[in-house]
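Colleague: Chains A and B, in that order, give the protein sequences.
Using UniProt numbering, the letters of the first sequence correspond one by one to residues 1 to 332.
Using UniProt numbering, the letters of the second sequence correspond one by one to residues 1 to 332.
Treat the hints with caution; some may be incorrect.
Said to hold, decoys possible - With a Cα cut of at most 27 angstroms, we get these calculated DSSO-like pairs of lysine-lysine: (1) B/Lys203 - A/Lys203; (2) B/Lys181 - B/Lys255; (3) A/Lys203 - B/Lys5; (4) B/Lys5 - B/Lys203; (5) B/Lys203 - A/Lys5; (6) A/Lys203 - A/Lys5; (7) A/Lys181 - A/Lys255; (8) A/Lys5 - B/Lys5.
Said to hold, decoys possible - DEER-style ranges, computed between Cβ atoms: (9) A/Pro324 - B/Asp315: 20 to 30 angstroms; (10) B/Asp142 - A/Gly44: 49 to 59 angstroms; (11) A/Glu288 - B/Asp88: 34 to 44 angstroms; (12) B/Asp315 - A/Trp332: 19 to 29 angstroms.
Claimed, not checked - Quick look at which bits of chain B chain A covers, simulated, 3 or more residues with Cβ under 8 angstroms: (13) 14 to 23; (14) 58 to 66; (15) 267 to 274; (16) 299 to 310.
If you're looking for bench data, these hints aren't it; they were derived computationally from the structure.
Heads up, the beta-carbon is just placed ideally off N, CA and C, and yes, glycines get one too.
Protein chains: 2
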Amino acid sequence: MAAVKKLINDPQTVVAESLEGFGAAHPDVVAIHRDPWFVTRAGGTSAGKVGLVSGGGSGHEPLHGGFVGAGMLDAAVPGAMFTSPTPDQIAPALQAADAGAGVLAIVKNYTGDVLNFEMAAELADDVEVRTVVVNDDVAVEDSLYTAGRRGVAGTVAVEKIAGAAAERGDDLDAVVAVAEKVIANVRSMGVALTACTVPHAGKPSFDLPDDEIEIGIGIHGEPGRRRIPLAGADEITELLLTPVADDLGLTGGEKVLLFVNGMGGTPASELYVVYRQARALLEGRGVEVSRSLVGNYVTSLEMQGASVTVLRLDDELTALWDAPVHTTALRW
Amino acid sequence: MAAVKKLINDPQTVVAESLEGFGAAHPDVVAIHRDPWFVTRAGGTSAGKVGLVSGGGSGHEPLHGGFVGAGMLDAAVPGAMFTSPTPDQIAPALQAADAGAGVLAIVKNYTGDVLNFEMAAELADDVEVRTVVVNDDVAVEDSLYTAGRRGVAGTVAVEKIAGAAAERGDDLDAVVAVAEKVIANVRSMGVALTACTVPHAGKPSFDLPDDEIEIGIGIHGEPGRRRIPLAGADEITELLLTPVADDLGLTGGEKVLLFVNGMGGTPASELYVVYRQARALLEGRGVEVSRSLVGNYVTSLEMQGASVTVLRLDDELTALWDAPVHTTALRW
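Looking at chain A on its own, in the form it has when it is part of the complex (with noise of 0.2 angstroms):
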């Protein structure tokens, strides 16, 4: 077997090594915590406000360590690759991010994540935890990974959200109940062009044939709806947007997010004729795009594919949506 063709010096080191990086790239923003890892804000979670916490397996950066600052996470735990958290990884990051109001713990639903979470919360028994799960993906029901739906893009609508929620000074309840608003308004699908090589794998995670693609991929590669000829992007884009249309009930009217995520790989020039068609397909439905995100934000390392989330936005919403943000990779 080749050696695995990436900027690494060993795959056991490589997710330490980039958060040695990121933190000493970002000290204004973010602290990097060691045995066990996680990242906080750097001036820590602000007395009375409620903290928030998510994490997951490395490989979808800057998910979530880049979503890490004021308006958005107070903490972030990273896994080894495309691998959940420990729950001794977890807690110390609850118990780091709570300043006296609770802590509202971010899971997108992989079984692993959803676990984990759950016994890190009891491990940090000192702190009152609550816990969304965000399941925003059509494509599948039940996978190789998850009961029910995964969570993908969607969390950074999530955790961008629920964490202006908890800046303006909500408690505890009400951080909850928007974090599952946005859940309940958001819907995502992603399609792959290539696989993607985790490091210690060593290997691509699936075969794509160069002629085909994968409709409704997971963040790890998992399988999705189905695998069908290399098509034109405003076709692919269709069949992305239409299940999530359809299944947010979406009517003429209505405002949304439109989120364009790149998986990694794909040149931003892309992301922007795919953006393009989903509007045009939204508008076409009578619905405005009154906001837009476009760009690499839940990744599945180096994969070449995109996916397409919308949110179903109100007044409040939108309103949190735009409210300051200050993280190493979303910021206004």
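Starting from the known structure of chain A, fit chain B onto it as the hints suggest.
Modeller: Okay, now just chain B, sitting in the frame of chain A:
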């Protein structure tokens, strides 16, 4: 030949469709002009402010359209993929960016770009145009595409810092002087792990065996210094950082901006592994990394690889780097 595996509809329309998506997603920041295609700030250039214009082949996004906005560029001119914009496309962008105080054209050192910006300045003879040529790539002195060194990721620093000088009210001479100062103090070098495929070419821009990497690659896949067997990230980073630091003549006690740029297809986690080692090497020379930037800013479509850019900072350049910027790709 298999179809090109990309999220596009047609190689001939990808740039236009991408620009349409870009404009639709960010109407608060940019305006898209058709026939010919160029990008300006949504609100135009403020009266009396020096205008900044850059441009070049597409496929390097977010360069340059992603850097249009307050505190940075006034206009950007995207050519076809990896192809210089035409003079009759650049000339109206120079005119649009002129608000009575003249225009600075920031040109990467490629023969076609330099020539076409020169001809455009002649066409737009109602505008006072001054030009600076960015040539930060230390890998090769002359290449297939240039006489003298190529212009690569250091362009971001020139656009940001000259943009801040224009925004604070510097006149054209002063903005030119600041841009030249950045150019004199910025150096870069890159590595490719994989090639990229230009849509209309339909095949990878070069062949790179599975166990070799190209040190000193250009942003169009031009050959660099040499091919070497795949090595660890720390070793590769040293091969990039050492010539950059040597060419700058960095000495102990100096402060720098360290910018690790992704070529498009490399995961963020790997960029931070490179950043970590580049920073350690600079600190080993007694150089202080006082500012940092890590991410995909000057890309080569889906190429896997990275470049390391170092800018020598003084108080003036630091303050201009820190000044507010509001573009789609850089914002603080």
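Colleague: Each hint needs a verdict: does it hold in this structure or not?
Modeller: To see whether the hints hold, each was checked on the structure:
1. Taken as a hint, the B/Lys203 and A/Lys203 pair is honoured in the structure, with Cα atoms around 23 angstroms apart against an allowance of 27 angstroms.
2. Under the criterion of a C-alpha separation no larger than 27 angstroms, the hint pairing B/Lys181 with B/Lys255 is consistent with the structure, at around 15 angstroms.
3. Only pairs whose Cα atoms come within 27 angstroms are accepted, and A/Lys203 paired with B/Lys5 is accepted, the gap being roughly 20 angstroms.
4. Distance hint between B/Lys5 and B/Lys203 is fulfilled; the C-alpha atoms sit about 10 angstroms from each other, no more than 27 angstroms.
5. Proposed proximity of B/Lys203 and A/Lys5 is supported: the alpha carbons are some 20 angstroms apart, at most 27 angstroms.
6. Proximity of A/Lys203 to A/Lys5 is assessed by CA-CA distance (about 10 angstroms); at most 27 angstroms being required, the pair is judged to hold.
7. Pair hint A/Lys181 plus A/Lys255 holds up; C-alpha atoms about 15 angstroms apart against a cutoff of 27 angstroms.
8. The hinted pair formed by A/Lys5 and B/Lys5 meets the criterion: a straight-line CA distance of about 20 angstroms does not exceed 27 angstroms.
9. Range check, A/Pro324 to B/Asp315: about 28 angstroms between beta-carbon atoms, so the 20 to 30 angstroms window is met.
10. About 53 angstroms separates the C-beta atoms of B/Asp142 and A/Gly44, a value consistent with the hinted range of 49 to 59 angstroms.
11. At about 36 angstroms, the beta-carbon gap between A/Glu288 and B/Asp88 stays in the expected band of 34 to 44 angstroms.
12. Our hint of 19 to 29 angstroms for B/Asp315 and A/Trp332 holds, since their Cβ atoms are close to 28 angstroms apart.
13. For the segment 14 to 23 of chain B, the assignment as covered by chain A holds, since 8 residues bring a beta-carbon within under 8 angstroms of that chain's beta-carbons and 3 suffice.
14. With a threshold of 8 angstroms between beta carbons, the proposed coverage of the segment 58 to 66 of chain B by chain A holds, since 5 of its residues qualify and at least three are required.
15. Counting residues of the segment 267 to 274 of chain B whose beta-carbon sits less than 8 angstroms from any beta-carbon of chain A gives 8, enough to reach three: the coverage restraint holds.
16. Counting residues of the segment 299 to 310 of chain B whose beta carbon lies closer than 8 angstroms to any beta carbon of chain A gives 6, which reaches the threshold of three, so the coverage claim holds.
Violation of the numbered hints given earlier is absent; every hint is satisfied by the structure.
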